[in-house]
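> Work out the full structure, taking the sequences as your base and the hints as a guide.
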Amino acid sequence: MNEGRCVKCGSCLRACPVLNDPSGTQFPGPRTVGVDAPRFLEKGSVGQNALRCTMCHACEWACPSGMTLTRSMLQLRSELSGDLLPGHRRMVGNVASFGRTVATEFNGWREEGERVLYFPGCIGLGRLTGLTESVSSLLTSLGIAHDISREALCCGSPLLKIGVTELAEDLRRRNAEVFSRYDRIITSCPGCTYQLREVYGVEAEHIIEVLRGSDLRSNLEGRWALQVPCHLKRGLSPWTADDLAAILGKAGVDVVRMPEEDSCCGGGGGMLSGFPETSGSLARGKVEIYRRAGVEGVITACPFCSLNLGREGARVLDIGEAITLKH
Amino acid sequence: MRKDVLIIGGGATGAGIARDLALRGDCLLLEMRDLCHGASGGNHGLLHSGGRYAVKDPGSASECAAENAVLKRIAPFCIEDTGGLFVSLPEDDPGFADVFTRSCRSAGVPAWELTPKEALANEPGLSPRVVRCLEVPDGSVDPFSLVQANVDDARAAGAAVLNHCAVTNMAVEDGRVVRVDVRDRRGGLPSTIAPEMVVNAAGAWASDIAKMAGCQVPMGLDQGSMLVLDGRQSRHVINRLRPPSNGDIVVPNHTSTILGTTSRPARTADDTTVSKEDVDLLIRETSAMLPSLRHRRAVRTYGGVRPLLGGGGRETSRSFAIFNDEGAENLISVAGGKLTTYRLMAEKVSDRVCGMLGNSSNCRTHLEPLGPPAEGKGESIPAARLRRKYGRAASSIDMADQRVICSCEQVMRSEVTAVLEAGDALTLSDVMRRTRAGMGYCQGSDCSLSVLEIMVEKEGVDPLPLLKEFLEERERGLALSAEDQLRQEMLRRHVMRGVYGLEGKR
Amino acid sequence: MSRALVVGNGAAGYFSAWLLRKRGWEVILVGRGTPSTALSTGCLRSLPDICRAEISEFLDSEAMPPVTGRREGVSKIGTPFQCWMSPSHSTWEEGEGPKSIAVAGLEGHPSLHLHTASAILNGRGIKAEPFTIPGSVPPDAPPTSSFRNDEAWEVLAEGLKGTSSEVVLIPAMVHLRDYRRLDRLEVRCGRKVLEAISPLSAPGQRLADLMCSRAAEAGVTIWDGRKVTALDVQVDAMRGATVAGGMEARDIKVDAAIVATGSPVVDGLDLNERGICDPFSRFLVVRSNDPLRGGYDSSNNMLLTIDGRVMKNLAGAGDCLASKKRQYGSGLTESLESAYLAVRALEGL
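Protein chains in written order, with the numbering used here: chain A, 1 to 327; chain B, 328 to 833; chain C, 834 to 1182.
Source of the hints: derived by calculation from the structure; they are not laboratory data.
Incorrect hints may have been included.
[As the list claims (entries may be wrong)] Where chain B lies over chain A, by a calculated footprint (3+ residues, C-beta under 8 Å):
| # | stretch |
| --- | --- |
| 1 | 2-16 |
| 2 | 36-42 |
[Claimed, not checked] With a Cα cut of at most 25 Å, we get these calculated DMTMM-like pairs of lysine to aspartate or glutamate:
| # | chain 1 | residue 1 | chain 2 | residue 2 |
| --- | --- | --- | --- | --- |
| 3 | B | 795 | C | 1123 |
| 4 | A | 250 | C | 1084 |
| 5 | C | 1060 | A | 242 |
| 6 | A | 250 | C | 859 |
| 7 | C | 1157 | B | 407 |
| 8 | C | 1060 | A | 261 |
| 9 | C | 960 | B | 786 |
| 10 | B | 444 | B | 408 |
[Said to hold, decoys possible] Here are a few chain A residues that face chain B, going by a calculated C-beta distance under 8 Å:
| # | residue |
| --- | --- |
| 11 | 31 |
| 12 | 32 |
| 13 | 45 |
Predicted model only: the values in this text are computed from it and were never measured.
Ideal Cβ placement from N, Cα and C applies to all residues, glycine included.
In structure tokens, the structure reads:
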């Protein structure tokens, strides 16, 4: 990491959604966690509060010196000593038992030996099976025949966020074998997509990238805000934010663009399970913005955004649901 | 005011003498600026194993070896026991390593050989070109913390220690110093003292002080340059295994790495200036041993003036000597020495002083601990950091409020308030020396105003002169800034000059 | 329609993009990170005569109406600050300054050093009354975090009513969208509200946000979080660029471009062991002992290639251009003027 570049401008602190939220006061901040604490002999001095970060990359985007803050924070997180937080311990326990972070509810498995694998990720197979079903239908209607394989397990990203590297590597090995049977891998979770590309070296595509240029329809009425997922815009590609708006616009949805649409919902980085009160507070901030704007709801392309915003009372649709929803 | 012994000079030597004498009697120490103003605040922070002197200056080497062990026993809290490696490269004299080993053995310096493979395993950043490697018990010491601990101990035993108090003149009658004039930056101290004995431990200013009493101290002034790199770039102290030369040593210290050193004659005690050639040399020579050093951010330069016996220069012995001139029979001057052997110097001086005063008590400074042990049981990391910086004084710092005021060094606000309460810190730099706020890579850009704010709130000081003094002090080490440090400096100037209208040095 | 590429998301970039758009160009602005503009005080030290009207139009906004003239404000440490254009709550008209100010800071927060400011104001003959705003904000959190809802502002207003001065100096605590809260605060607490002049905080960010939204309103396509990694230059004309962001890169064709990438502080120019360098490794750079003054060499704002050719359709603007007279604290004005000249130079095509 190019850590010698810091000039203490504080831009990362001003960009951090956690520090900007009244509930985030215990987070030491991206500068302490990513730049300053790593310079000490004992890295772990910041303690578990270093995990109060949603890994949204806003700090990295804001840094005028181009520092790879997220990578540095992840490194420090992996060096923390001490016990896992209760929520994280549960998550790791689940993965160790059955290969996913949450209990699997989905039962529409398809193992037909197709060339394309749809990889919904743990939340899509657990808490938001409707999201998975809509994306699957959407793919089918686009003529993309696909498997949804029971053997494809957690991508490992949540484990890497809390330094549980060996188990994550174990998952990677097992998934790599499954992936090798397919020509194309499509995901509906930007976190999974980023993990597959960055860590697995697999050319996974997020559904937004698949839908680029497609001719779709929507029956949605009223005005809709966008929640541009962090790992989509700041992880995969900044062009995806406009892609999301463009796809919906072309499909006839009245999209309301807002400056805060790409700020973190609070659901990433292990926050949902580790510090749910902070996740919730961040999401409530966004829900308040939607209320003030008077929109019908918000459309996103990430199961964590869907889950977190939904829990705080927003009407959330995933892209798959927005496009296929019948009036 | 009458005090038995007046000690002039608040560096390691003076503070060591104050502690020694305080444990045996009574004394007053006066330092004209802040503690460690001279060489004690401008050195490499190296706790010598003695290896560096084993071949050319075995007397010094033995002293260092012995005192190294003593200090690790009495003051482990301010010492990073990193160990040291002496490494040679293909271009170095191949015979030197064996001469070195033999010399270490006869001087009593522990040294054992590692194979290049072992060396690289122990110190992954070493150049793969390393030919021979010897491990020695070098360490890294925080001189500010060490000197403060001596002062704190001296006070606890009844001594008085005052910084920002300058001796301006001495009057001699019948071969004795009868009066010493003092100017106190604070006010409160009478302007003259009539001590029984005067101990001149003024380091590079020893000659100037002695002259006030019409005496001579034969010494040379020698300047050495250091370069501070951001981050700890090695696990051990790294030394070059060759006859002592420039750019031989790399010392990890707190969150930095200090490269050193050089040697040139100094015109005056304040001639600490570092040149661009020095910086280039330091990077070139040290990166031969640790190649990655070349790519690290260079934060700051600083220089120290070494008070050496005789003519000065690299060949001069690092030993010390005590002078007592019949022109002023109650004035003792000490010159020479090293940070590592400060306690021994102080012991010898104190023995002499006690002898002259008819005090037959023995030195205890090698027996009494200077602070808490090396590690606390079940201690949190922030508490451990405080112990390393403040020794016993760490217990006076409020751990309930952990708000950080200096992000580079993770200094808490409560450290600043504790230091202010102790009463020695008059300036921002004084606070910095004690807390390390402002010593990190941003050199106080971020924290100086916040520290100043606490000083204004607690002490009612006049902010602008303090801020200007601090900025000037920091800028002295930033004149040669380049690359990322220069970017930092541009931002600082944008804020301090462009917005607040404060001019620094051009 | 001709397409122009503007590289850089600071004052020079946004202003030149806005001007180009007004003159009928299709404009794509590519930028990343935080520009110096966002680190500035958000005030203009002076207004260049040559484009005074254009700047006024560019920065005119209901959200944050500017005031112009001989203005004076107080910095967050109490030192005086003179400028020619500022947001309405940052300054007073020279000569109309207060005789006494309540200095209202957040406890232990660097957004306004209330004791330092009080001491310095008193030293300048302005009676200062220190006041601690109720509520605690951690020193690393932006104060804007605690002042987002009506309740927090109500508490603040009530507290300020307890001060005896007619003027209160508060830290910079509002984003662009909330700027009018300061008007409401004045009404609620019955005092004139002055926002401390603070670099590296909300006012600079607000100005950058304002410029961005003005450019977007005018129809500039803004590609944030992206970086121009290569320029397609044929002899002395540029034809296109490669823009990268995240894991994607795209090539675009352009008819002209303005490079407004900023100083070495914001990664606009490289500052390495060879001194100031062009990150594209294509253009001549003027080196200077003072890095503030170094930057791209230019002829009438048009950049020069390494082999000395004057670029036909590539201009430079702002901090990335070499300047003999740039001073710390006056960069914004010079950047805006430079952007205007760059557009004029391009239009002279």
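> Hint by hint, note whether the structure agrees.
Against the structure, the hints come out as follows:
Note: the stretch 2-16 of chain A has 8 residues with beta-carbon separation from chain B under 8 Å; the three-residue rule is met and the coverage holds. Figure legend: the stretch 36-42 of chain A, annotated as covered by chain B; annotation consistent (6 residues with Cβ-Cβ distances under 8 Å, at least 3 required). Of the pairs offered as hints, the one joining residue 795(B) and residue 1123(C) holds, with about 21 Å between alpha carbons and a cut-off of 25 Å not exceeded. Taking the CA atoms of residue 250(A) and residue 1084(C), the gap is near 24 Å; set against the 25 Å cutoff, the hint holds.
With a CA separation close to 17 Å, the supplied pair residue 1060(C) and residue 242(A) stays within the 25 Å bound. Of the supplied pair hints, the one linking residue 250(A) and residue 859(C) holds, its CA atoms being roughly 22 Å apart against a limit of 25 Å. Taken as a hint, the residue 1157(C) and residue 407(B) pair is broken in the structure, with Cα atoms around 49 Å apart against an allowance of 25 Å. About 21 Å separates the Cα atoms of residue 1060(C) and residue 261(A), which keeps this hinted pair within 25 Å; it holds.
Between residue 960(C) and residue 786(B) the CA atoms are separated by roughly 20 Å; this keeps the pair inside 25 Å, and the hint holds. Using a Cα cut-off of 25 Å, the hinted pair residue 444(B) and residue 408(B) holds, with the two alpha carbons roughly 22 Å apart. With 8 Å as the threshold, the beta carbon of residue 31(A) comes within range of chain B, its nearest partner Cβ sitting at about 6 Å, so the hint holds. Taking 8 Å as the C-beta cut-off, the interface hint given for residue 32(A) holds, the closest approach to chain B being about 6 Å.
A least Cβ separation of about 4 Å between residue 45(A) and chain B falls short of the 8 Å threshold, and the interface hint therefore holds.
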